[in-house]
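> Spelled out from the first residue to the last, the chains are:
Protein chains: 2
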Amino acid sequence: MLPFSTLLPINKESAMPVYQQIANGLVGLIREGVIKPGAALPGSREMALLLQVHRKTIIAAYQELFTQDWIETIPRKGVIVSQRLPEIKPRTFKAAAKIPAYAGNTGFTFNKIGAYPATAGRSGEHRLVINDGFPDHRIGPIDLLMREYRSLFHSPGIKRYATYGNMAGPVSLRNELTQFLTETRGLNIGPNNVLLTHGAQMAIYVAARLILKPGSTVLVGQPNYFMADMIFQQFGAKLVRIPLDENGLDIDAIARICKQKKPDLLYIIPHHHHPTTVTLSAERRMKLLELIRQYQLPVIEDDYDYDFHYSGSPILPLASADHDGNVIYIGSLTKTLATFIRAGYMVAPENFITEAALMRRMIDIRGDNLLDEALALLFKNGDMQRHLKKSVKLYHERRDHLCTLLQQELPDIVTFQRPAGGMAVWAQFHKKYPLPAIAARASAKGLFMSDGSAYSYGTVNHNALRMGFASLNEKELSEVVEILKKVV
Amino acid sequence: MLPFSTLLPINKESAMPVYQQIANGLVGLIREGVIKPGAALPGSREMALLLQVHRKTIIAAYQELFTQDWIETIPRKGVIVSQRLPEIKPRTFKAAAKIPAYAGNTGFTFNKIGAYPATAGRSGEHRLVINDGFPDHRIGPIDLLMREYRSLFHSPGIKRYATYGNMAGPVSLRNELTQFLTETRGLNIGPNNVLLTHGAQMAIYVAARLILKPGSTVLVGQPNYFMADMIFQQFGAKLVRIPLDENGLDIDAIARICKQKKPDLLYIIPHHHHPTTVTLSAERRMKLLELIRQYQLPVIEDDYDYDFHYSGSPILPLASADHDGNVIYIGSLTKTLATFIRAGYMVAPENFITEAALMRRMIDIRGDNLLDEALALLFKNGDMQRHLKKSVKLYHERRDHLCTLLQQELPDIVTFQRPAGGMAVWAQFHKKYPLPAIAARASAKGLFMSDGSAYSYGTVNHNALRMGFASLNEKELSEVVEILKKVV
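Protein chains in written order, with full-length UniProt numbering: chain A, 1 to 488; chain B, 1 to 488.
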């Protein structure tokens, strides 16, 4: 008799029912070869005594194993481990040795994606995390969203949502976004101008795929959102870096380049630029619009956190002005709700959206239709608008709190401009305090932070990082600065 | 006084609270310019009388509008529409005329994705849908999945799931998949061999991106899964079509090609091939494995519905044999659960997974981490395994039911081989009955079905379609065949 009481430890505190723990434990023993096919198991009465549980629990466990074909009942012999485990199981069972291990390396050579800056890495174990500028999922209407999702799933409409849908995404959410973007950004569009994507990143990828060819020239900021840089480079495009100051990209520099040879694309983040958080001034915006019309210059306008603006009036996106159909506008709902709700969108002329939908479909068939329908309901019922209003107020306070702390506690160490919006402060550390060393010391104290290398991708070493303030409350922000003060 | 009782219709049957209907209605009137900024609104008492609702309802509606800055309260004057609507609102308000309409066409030229076969189109309005082979979401553990999702969201772990994760996807789900694939397919792998994707389609896209260059040669079936063909073509690859019979791809044809010049990729669906449902025989599988080793031939093995096998023993995937690291294995959880749960995976040598994770990240940063964690729990608790067992039994019955009906009711019209597994029957219609005409007539009778054109993409006109049986119960399948009988 095997020592079942030792082999099958039971945790009565666990969320998993005891019978299931026993069943899983037995499957493990069979798999590992501890119990062989054909071996008899103790009767339910005996096993109940051995494991000190009710007999019904053992009967339930055996029933489970029986259903899964791991055991069988032989008349007058009792319960035995199946001689003929289901076709697919013996293979594992018989021969870990016979099944060849998957090769560690491919037998063929393939395209490499290229150097990739170290980003956050393993932040899971830290008590506090300074992220790149994530929203605070704790204040978002996630419970409401789940409720809508659930009731849609149980509604008659599920039949429709679960089959084919419109290639550009559910019409309901495209309609709601059309109205939302009209109200908040003055975009004069219809639902056929909107493509839903699995996050803003996918929208950038798809737009770049349609616009670029190997050898294309793309104008980007110095520095720029590094994940956009990488997209353009992997399509074989050449990056031309445009200087940037507190008023955004240097539009005169773009004009000079256009005069010589029209570039194939300008990628711009006019509001709360990533990583530097600067906003393109109204004057430069006008100048740029003129250039766009004069040269018919294709533009990707990445406006991922337009909705989060705290100081002064927000400036309208390029897309809301007259641009002769040259501006592809990209936004995010992930930034509005939570990192784990992946939803973004692209606004473009209809001929572009048609092709972009084909491309998006090739990458992942369709989005999470049911989630998109649930998101549409959040807009329709005003929950999203109410959440935005609430979170803008809260993030405004958090921005001010962090800026005050940085000024008071780290005045000679950190330089920054108070951002007019967004979810992060671009914090440049004095060169006497190299970020990799600070990040390592902070990590030891339970604070995860970037070492700044990703933000310097392809440009100079800024010794700076984005300090996301939106997802941390004031107490947490105080703790963060406290730790920083100790480790510099 | 405006005729508010007419302008603000109230639907007491609606799920939307009445106060919200009134608030939304008023926003609409303000937006349309019917009510001008500065205009006074009736007091709550008066408005309640006008609309025949309780005064508290009006107070709630006004509170809502007040919160959204649409109205303000002026002492001794009452409620008026805000003179200074929030910065972003007046733009819409002032001038639909002034905001330029988004151009219908781009000002620049761009890459076209190319011809795209008409697929399902608008199937939403039909009572019955023959899909391509979708699972039945009605029997899946979607409620369980939602419960796990919800409790994870409210657990302390959410902090971790909501920040950065492993680039290849949460370790929990990769661990569970490792174990599941070992048990069900005899794959000898570790979690570092697994990349999670937003559906199997994304895994094909990413693998092709790494393997192909413009001018590469890809061997595919005649016919083949058309969405894979399109991926390869848009990477500039040349398709070489390999004949196919009831035992799968013609491996001798592949051998002849390899002898002349090694192709850059073989794409194969060995089990229940798409669209024809044939399964590669054990003998051909051995031959192909020899070729793979001999030529170090890169292979994408798309095994999207291996788990659904009804007749005889399933044949192991190529990936579970010795292939010197040349087989990239792709599977789907979407097919296990529901079309709106987008989850797939890639299994490959670690050096390939590393680059594939970079590529996947470039396309959409990360998956739905929380959903992945919830899926991991379904595996861990055995819910997924139980669901698979249940659905295999049910789909088996549905396959038999449909095959019997087709034989009995449409013997001279439809030809097919009973598929050994999967979720669809490959139904070839006699050439006297062209599918486009049948599909049009069926549509008029409330049955949506493919006109077959997508399945003929790049090959001959098969006048055939995949009849998905998994998502329809026996009564529904009978209705489908009933309608088909009427319209042929």
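Hints are computed from structural coordinates only; laboratory data are not their basis. Treat the hints with care, as some may be off.
Because identical chains share one entry, a pair is satisfied inside a single copy or across any pair of copies.
DSSO-like mimics (lysine-lysine), calculated; alpha carbons at most 27 Å apart, straight line [stated by the list, open to error]: (1) K389 with K213; (2) K445 with K159; (3) K213 with K112; (4) K259 with K213; (5) K77 with K431; (6) K238 with K389; (7) K238 with K112; (8) K431 with K159.
Here the structure is a predicted model, which is why all the values come from computation and not from measurement.
> Which of the listed hints are broken here?
1, 5, 6, 8
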